[in-house]
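Trainee: Residues per chain, in single letters:
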Amino acid sequence: MDFINNLALGFSHSLALHNILYCFIGALLGTAIGVLPGLGPLATIAMLLPLTFSLDPISALIMLAGIYYGAQYGGSTTAILVNLPGENSSVVTAIDGYQMARQGRGGAALATAALASVLAGVIATFFIAGFSPILAKAALSFKSPEYFSLMIVGLFAAVILANGSIIKAIGMVVIGLILGTVGTDLNSGANRFTFGTLNLMSGLEFVAISMGLFAFAEIMSNVAQKASAKTDLHKVSRLWPSKQDFRYGTPAAVRGTLLGSVLGILPGGGAALASFSAYSLEKKVARDPSQFGKGAIQGVAGPEAANNAAAQTSFIPMLTLAIPSNGVMALMMGAMMVHNIVPGPMILTQNAPMFWALVTSMLIGNVILVLLNLPLVGLWVKLISVPYTVLYPAILMFCLIGLYGIENSSFNVYVAAVFGLVGFMLHRLKCEPAPLLLGFILGPLLEENLRRSLLLSKGDFTIFVDRPISLALLLLAAVLLLSTMMPSFRKKREEAFAED
Amino acid sequence: MVRGKSGEIAMLKKYLASAAIGMMALGLGASASLAQTYPDRPITLVVPFAAGGGTDIQARKVADGISKALGQPVVVENKPGAGSLIGVQYAAQQKPDGYTLLMMSSSYVTNVVLGEGKPYDPAADFEPVTMVSISPTALVAHPSVKAETLQEFIDLAKAEPGLINYGTFGDRSQPHLSAVLFGAEAGLEMNAIPYNGGGPAVTAVVSGEVDMLMPTIMLVQPHVESGALRALAIASSVRSPLAPEVPTFAEAGFPFEMGTWFGIAAPAGTDPEIVKKVSEAAIGFLTTDEMRKEIEGEGSVLLALDPAKTKAFIADEIERWTKVKELGLF
Chain A
1 MDFINNLALG FSHSLALHNI LYCFIGALLG TAIGVLPGLG PLATIAMLLP LTFSLDPISA
61 LIMLAGIYYG AQYGGSTTAI LVNLPGENSS VVTAIDGYQM ARQGRGGAAL ATAALASVLA
121 GVIATFFIAG FSPILAKAAL SFKSPEYFSL MIVGLFAAVI LANGSIIKAI GMVVIGLILG
181 TVGTDLNSGA NRFTFGTLNL MSGLEFVAIS MGLFAFAEIM SNVAQKASAK TDLHKVSRLW
241 PSKQDFRYGT PAAVRGTLLG SVLGILPGGG AALASFSAYS LEKKVARDPS QFGKGAIQGV
301 AGPEAANNAA AQTSFIPMLT LAIPSNGVMA LMMGAMMVHN IVPGPMILTQ NAPMFWALVT
361 SMLIGNVILV LLNLPLVGLW VKLISVPYTV LYPAILMFCL IGLYGIENSS FNVYVAAVFG
421 LVGFMLHRLK CEPAPLLLGF ILGPLLEENL RRSLLLSKGD FTIFVDRPIS LALLLLAAVL
481 LLSTMMPSFR KKREEAFAED
Chain B
1 MVRGKSGEIA MLKKYLASAA IGMMALGLGA SASLAQTYPD RPITLVVPFA AGGGTDIQAR
61 KVADGISKAL GQPVVVENKP GAGSLIGVQY AAQQKPDGYT LLMMSSSYVT NVVLGEGKPY
121 DPAADFEPVT MVSISPTALV AHPSVKAETL QEFIDLAKAE PGLINYGTFG DRSQPHLSAV
181 LFGAEAGLEM NAIPYNGGGP AVTAVVSGEV DMLMPTIMLV QPHVESGALR ALAIASSVRS
241 PLAPEVPTFA EAGFPFEMGT WFGIAAPAGT DPEIVKKVSE AAIGFLTTDE MRKEIEGEGS
301 VLLALDPAKT KAFIADEIER WTKVKELGLF
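Residue numbers (our numbering), protein chains in the order written: chain A, 1 to 500; chain B, 1 to 330.
Same shape as in the complex, but just chain B (with noise of 0.2 Å):
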């Protein structure tokens, strides 16, 4: 009897633990289904901007990539509305399946870093899936402004504080924060114009109402040719294809870099596996020669990097912009 007991309390356990190795054999098995079967309808790319703009326009180029290599319709929905932060929020509160992704840009990082209030987490509310591009920062003049090299600018800078006026895309906007953070970095006094966007701004500078902006080549690459305006400086580490002409900040003998990267991510919580799996689709879309070839040609960097370094890519960001907020100039 009691032998026959513990025979059956020994088969119980043993009953139970295959049915618990059979369960989570189950479970394991129903996750990588999961991942495998992914994606079996339709993916929705989260574009926080207006149709039409920048981000928009990587973001359909990207949605169509992963959406020829997982085989789903992958659908752009913009959700525009104060500079970017209501599509974010939207897209955190989706659910985290991996049928909705995200486009950031640049403003993902410093919205919530330079602006007031917390309205989401750029560290922990998402997972980072690829960074896509990086579109490097210019500094152009109107050639009335009497500086042939960035050295003659910055000496012609601090000869006059005050003297030279750049324009911006309006409040914290990429060139304002470029132009911010390279005049404390050079130890220059210099004045923001507001303009509403990007084209009033390069109109601007072409017109020579203001002596100075830090757009991306790409918006100003056309004038830079015809002579219209002055390239003195790219801020990335090497001379873009489209001007190779015009130095490096560090070439030109002040190490700075800058520019407007995009990238995509997942709501917090998507399977690891599905993250893989969409930046995989999207790096092997990204590093095909076409692409390549298409981005370069807009004056970008192409990035295609994997979630881990994706993840570390935005702390970095997320670190560099804390460390200017606690300097004060915002």
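For reference, chain A alone in the conformation it holds in the complex (with noise of 0.2 Å):
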């Protein structure tokens, strides 16, 4: 009954007009920082905070949210449409999306993805309204070991999730962890692989290197073999996904919904953790998992849905335990502090209607979402029917301003030019840049978590194998590992993933 009351506390606030139109004004916003590339919630949060101040508390904090969520949005139109994921959370969508795009089921694509997180952002609202203070309780018992261990199994997923040779994923992965220890090391504060130069003292950014990879490699590779190219990126038959994608994209939405509503609660998890591992999930249940990188829908569905569900109950450490789990949720804090609303387990008690009206507002947000993004798909699509010679540099000019805009300084253009060659050469050489990225973001977290666990257990290497959530998941990693071993599955993922 409280649970009702509770929601019903929540409308009375978030379905007032103004507040409504707060709602919309953030999921536009969110959707269009998210379809232009480089420009992320983060910043254009950050941009907007000072304007919220004179704001009632509640509308502000519904127009933050709206923008976080929406940027999810948004985001997985260019990594759908152009191969040009924004963030890293739609790194994944991109594999899959981009070559429905490919194949003149762009649309199918976009619809689906939106349907996918329009039902993920339904059921992750209800899990934050109905588990809330019980699962940020659960988020305290991971510690450093589980960290490590987490990482370690998302290491090995990376592997398995790679399209072609076990040896080049392998290949990529040990590159990426080698990127991710460029800049200023934690522990001791000694400079790693900077060269000497101040700009690589914070390390490289991740967004330099995935616009470098995906965006400045697909296109030199599209401009490379020009013809092929041509008559790619100009079919786009129907708008809305086909009979059978809803019976494969359904299930695999629902999956990713659970998945990512799971993954978001974990301080330092959030969305781009819960899209790659429900990818590597939607493969792991496939019937046929050779259509994989080859535009399966499921590639799609369960990423998006496991996006935007974890973006949303990322809400949940911060609300109830004041523990931001990224950028954007240290934001929101800062957001509610500034109007005196302070976050914490007292926050249900203190704060019942804001907390409640934000919730719910999510919901409404979620609708507004699905009504202003499947009209735009067809412009969307509209968007890859220009032809590539106007396409291209118009995309190459919004990558450079985004590049300009992270820090102000020309110096990560640079960064992303350089690794627009080494994505060029790996493309030619039939390596796949996923994995790569996927070990540059986790590397340093698995880093960090290694060497802490160590100096807390004083060097003693059992601290992983005596605590039985690490040691579960240490085991799970086993697991993956022999099982890329076998050669039963070798062969069935030689054919998976067989050149065409």
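Hints are computed from structural coordinates only; laboratory data are not their basis.
Just so you know, these numbers come straight off a predicted model, no measurement behind them.
Please note that a few of the clues may not be correct.
Beta-carbon label-pair distances, calculated as ranges [unchecked claim]:
| id | chain 1 | residue 1 | chain 2 | residue 2 | range |
| --- | --- | --- | --- | --- | --- |
| 1 | B | Gly269 | A | Gln225 | 50 to 58 Å |
| 2 | B | Gln94 | A | Leu17 | 20 to 28 Å |
| 3 | B | Gly162 | A | Asp288 | 55 to 63 Å |
All C-beta atoms in this analysis are idealised placements derived from N, C-alpha and C, irrespective of residue type, glycine included.
Could you fit the two chains together into a complex? Lean on the hints.
Mentor: Following this line, the structure appears as structure tokens:
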């Protein structure tokens, strides 16, 4: 009964006309910045924060939250249409989504992404409402050893989800890990691989590497094989997913939602980890894994549902424990403190109207997003029928603006240019860049948690097997490793990834 | 003739003198009018950290206030990287015409004094304008730590050297510096456990992975209020309005002051008149009741210092950390 009362209290605020308006503004802005590569929700919220100081706190938070989950929607649009994941959570969406677009199913892919996201958004909202207090406590049992073991699982999964040869995938992960070590070491303050330049002291920028490897490399490859690129980009037949798409996509979206909801709660987990995990899960459970990487609808529905669900459930640790799991959540927390609302376990008693209004506004926001995005699918699809001689320079220009904007410096533009060349070579060598990127993201976390665990245990490695959750994760990793060595799996995998 | 000549010379002298006076007056007039017409175009406030961080939030508030007082937009330009070195160096290289200002925070001094190399000189490369505020450090412990007071904590850490693990936001971050300095002054042996930033470090002390953390009070206040953390002392001369029940270090029997501060500077060579104008605008804005309340609401102490006092503040900081460096703690 409490549950219903709470939701009713929330809706009484979030359904007020002005709050619906702020929700709409947030969702619209979020979609727009998601579509623009490079400009992320973090920078946008930071820029808009001062504007919200004069607003009613409920309206301010509803709008800021809208920007965040709206960006998850928009980010997949460029990933699908031009293989350009603006944020790390849409990297895997690009794998199959872009293939669908090349086959003329771009409309179906976009609609699937939108529908999967709204499904995830609705379910995740109930998830937050129902389990907030309980789930927040679960996140605290994840300490450094558990995170280390979780990263090991993530890296092994990255190798398995890669297309093509396992050796190449391992190579890509290792290169990613090495790139992740660039910068100032957290423990000692020593500079690693910075070649004496200040620019590398805070490490390589994720956006620069991913734009180089995906966007720049893709453009170069397409220009290199002009004739085929032209035909690939023009055919867009249907906008609505087929019956078959629904049959395969719906269960994938449900699985992605559940996985994403759980992973979103973990501090540091978030949307990226959720989408990667959802992709490997889909590949595991699929009846015909050979379709993955060639435009499998599950490869879009699963990760898209997962990243949206995770984006929403990542509010749980921030609201109930005052633990922001990422930069955007930290900003949201800052915005609340400006209005003298203190996040933490007391929020459910002290600021109940605000809490429930925010939660219920997510439901409204998701509906707004789907109403906003489904009609726009046609518009986005038209974008790829623009001749690539016009489209590519335009994409490059937006990329360059985004790259410059990250740190207001041209250094990242050069980094992206170098990784564009690297990406082009990898494409030619038939090496997948996705495992490299995952290695780059997970590598620093892996090292940090490994060294921290050992500092805490005073050098005793048994810390990783003495703790049940950590042990279970390591066993899972061992199973993954063994399964890749088994001859039957290898055969199946080779069939699945056989070059056409 | 002679008379005439000398008369001519006299006249020439007179002419030259008046011309010189005139030119001086003109020069003075030009400089005075430069400061008088300042600002006639937008001012840039360089923030050497990413948008959305603590320094950025302070900077955007200050930018808004200066802009209203001076009647020109103040644009915040984020130049993050290398733990603020990139942004500070960038600001140092800009024209000292008052149209580029720098938002300083504690790392402005510690980065250079405790770091390797000398990317800039914190005493000479900038003109201090105004100190904004200082956010005092608190010592918080997980409730499982068997110490209700600061003295009990010191006794506990002394009884078993190496028992206490404390979190940091990375090597030479403010909580790291605070804990090392406090530990050295109290004669404690504790282990630093680095986390990548404030969020993860606070999580770690709340979950009990580390025993202690020395962040600014604002960061942990909700946890102190809910009882998830125990605040043993606050490192300022007065108690914090955010947590009035927490004693100062001095009250708890161990005088120790430390905090994260924010301030404004201009590249060296900026016209003192302009520095004064910006400083007065900032102080006028900071000392309004509304701002004072907001800053205190964040658990910070309002400083609002004029250029001379700001200069002395920075010099004190440099001296303090140079001494720490000489102790060989870092």
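Trainee: If I claimed the Cβ atoms of B:Gly162 and A:Asp288 lie 55 to 63 Å apart, would that claim hold in this structure?
Mentor: Between B:Gly162 and A:Asp288, where Cβ atoms are some 57 Å apart, the hint holds.
Trainee: Do B:Gln94 and A:Leu17 keep their Cβ atoms within the hinted range of 20 to 28 Å?
Mentor: 47 Å, violated
Trainee: How does the Cβ-Cβ distance of B:Gly269 and A:Gln225 compare with 50 to 58 Å: does it lie in that range?
Mentor: Cβ of B:Gly269 to Cβ of A:Gln225: about 57 Å, so the range 50 to 58 Å holds.
In summary, the structure is inconsistent with hint 2 from the numbered list given earlier, while agreeing with all the others.
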